[in-house]
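J.: Spelled out, the chains give:
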Amino acid sequence: MRRRKVKQGFFPTTINQLKETLEKQFENNSDLMFSSFTHQGKKLAVFYIPYQIESNKLEKLLKTLLSEEKEWTSETLLNEIPLGSGKKTSDLQQILTKLIVGEIFIYIENENEAISYQEESREKRNLEKAETESLVLGPKIAFTESLETNLNIIRWEIRSPDLVLEELTIGKDLPCKVRMIYLKTVANDQDIQTMRQRLQDLDVDMVEDAAVLAQYIEDSETNLFPQLETTELPDRFIFEINEGKVGVLVENSPTGILAPATIFSFLKSTEDLYMRWQTGSFLRLLRMIAIFLSIIITPLYVAIVSFHYGIIPTQLLVSIGKSRAAVPFPPLVEALLLEFLIELLREAGARLPTKVGQTMGIVGGIVIGQAAVDAGLTSNILIIVVAMSALASFTAPSYLLGTTVRLVRFPLILLSGFLGFYGLMFGLCLLIIHMLRTKSLGHSYLIPVYPLNISDFLGVFIRLPIRYNYKRMESYHPKKLFRFPKKEALGKKHMKK
Amino acid sequence: MLKHFVLFGLLLSTLTGCIAAQEVESLGIINARGVDEIDENVIETTLILFQFDSQSDQITKKVSGQGATVKSALNDANRESNFKLAPGKIELEIYGKETAEGGIFNYLDTLNRDATIPDNLNIAISDTTAKALLSLNKEDVAMNLGQYLHRIIAESSSDHLFPRVTLQDFISHLYDVGKDPVLPIFEIHDNLPKLSAIGLMQDDKLMGSLPSSDINLFNMHMETVKKVILNLDIPVQPFEKYLEKEDFIRIDSDVLHTSSNLIKSRSKTTLMDKDALKFKTKLSVKLDLLELSEKILLTDKQVIDILEKEFEKNIISRYETILAKMQELNTDAFGYGTIYRIHAKKNKLSAAEWRKLFPNIQVDFQIDVEIIQHGSIM
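So the protein sequences, as listed, match chains V and B.
First residue of the first sequence: 1, per my numbering; consecutive thereafter.
First residue of the second sequence: 1001, per my numbering; consecutive thereafter.
Don't take every hint at face value.
As the list claims (entries may be wrong) - Just a few of them, taken from the derived set where beta-carbon distance is under 8 Å, the chain V residues facing chain B:
no. : residue
1   : Pro50
2   : Tyr51
3   : Phe105
4   : Gly171
5   : Lys172
6   : Leu174
7   : Pro175
8   : Cys176
9   : Val305
10  : Ser306
11  : Ile320
12  : Phe329
13  : Leu419
14  : Gly420
Hints listed in this document are in silico derivations from the structure and should not be mistaken for laboratory results.
Even glycine gets a Cβ: it sits at the ideal position worked out from N, Cα and C.
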């Protein structure tokens, strides 16, 4: 579509002419409300799109406009109507864009510009509980699609002038407001600049959602792993901002982006912090083991049953042998079949309405599982293995990482089925090499394991007792390494009566 | 990138053939194997298998085959089974008595070199033939016989009842100068297998055996032993005046049978005189007295002292008998040779030299028995 070129200095013009031009722009579009009237001998025009504006504000505006017994000019309009957002516009193109985002225009005939008031009304949903990242303890509120609401939440949490909320606009045809959020006294300058540069350099027509933006700006798109953290939890977002990370919020998206990320930061949950440190540490380690198990357990079963019967303990050998005897397929096909079934169940569960989805789990898990064994399609040991692997992949606090884990399993199962332990080892090596090459905002994806940083080690794998958790991640070189002085925080007093 | 994927796919598809699939359900997994030399150059092998068939509940099977080598006998045995025999899970290897007397090194060496054979397989000897032991009626055992035998060995070794000998243990003792390996011997008792004796080996040949009653003494010499029942028989005569004199109690034997719980034993052997081949074995034994065949008044402190003395005498005499037997068979199962070797010139001692020296060694057994408790009697 050819863009219509509008000359500068469209004004002054007559009301009729203006109406004609605007209506031409809004052809086949009955939305524009254009009313003209005479006040004190001067012709005035008010135009707006009705559902984009707050109607009682419009009434108020018109009341003041008509009640005054004087001749209005652009200047007096701007100065005497007590609405702060009054602006002059003389460019037709600008008028059009502003009309769409809910501004009310007033034009006085023969003036050089139109005056606009920002009185938009915007529909938004209320704050709700987090759905995908649900927590047991701690704040349960989730981001909404309204950028203003999200900023409001963050501002109330971090009441500090150090918090920077840089505004950027992305998207050529359908522009979208993006906020880059960081603590200027904490976050590493290089990270801030990298993020800013990536956002500014982005030259796309539109940004659909924060998840899409994350894919636009992540380090490598051929990579299997998500390289930027995405979250719908304001408390997680704020917590990470305070740790010195750079956050991004996108208009109309209930998701915040955080960078830099590591594989371990996807396995962290803010809930670890709300629990006592022993349980928090236990659950964090549990999740890490679970993710590893989830990747490895089905391939391990396939490799052992197809190639390495020697390492099965005798007692287990009998039960595996008995259950395998009835299955007509090789272990590889059996495992792929069952994994496929589980993936089907998951996808069906995610697509179905919530109420039906719950019964879906029962039907799928128990009925199909047991029936498959009875029908001799799979062995019951494999059912346990696959169920365990599926269960373990659900423990990832980040849904994105969970999906990656689901995907990674399949090549490993294939390799194990073809080459046994050799294949499995080969596959795991490839996976580790792949992870080593992954970068997040230019930082390694495996910090603090690679490059090794001993002082960050404990804080990542164990949720330290709060008083000892006084240090930010050294690997990211934050401007302020210490969150609070250790010595003072350690002092505890008993007041005597 | 695409090149890598194509290369990867090619490698994966071509290399797949390199590793033979061994799916559990298509194998006859050997659990125990018996080897008998039934004739000059004819070996009979008896195998206890696990095999999994959807149409049968029977998961264990016994097959046997004959051939000039173990491998050919195995091939022969495979004809009795519709499953491919797989040796990767052998837990027990049993040799017939006669076969063991002729030497088992040849069989062990091939086992040791075969990478598919697990290293922790146990070796044992059958008092009759391996075939007879492995052909025992299954109803009395009620489980896979190989697994049953293996469990007997594992359980008794964990309770210090019997030394457990794996392939690796045996091979390393075999090559150790100055120490001969031992093997457990199974006998058939009431249609059930039973661990009955310690087979004394000279290198790879079975020379004789120690009865099961000597097993505890044997173990006490080799390692620290805890919590086993120790039965000692001592003469009644020294306790004559401490016997409870009641009219209705008659003394009908001149032997006092005792049972004690061995709390802890510790042994140490040193070379005293290199040229005279004199050794000293110190053994301290702590006992919890459980049972006496006669009623003796233990309240007297002196009785305990006499008991300890008599126990010491008994143990010494039994050790001397064991040693005499070993010297007669010329098998050094206690490993005096390894202690001698440490003190030999430049630590050098050939197996043949020690064979000549061993029958002439003298061992001074110093036993220290301490009765810690006797509360369960009095």
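J.: Quick one: which hint numbers does this structure break? Sort them smallest to largest.
T.: 1, 2, 3, 4, 5, 6, 7, 8, 12
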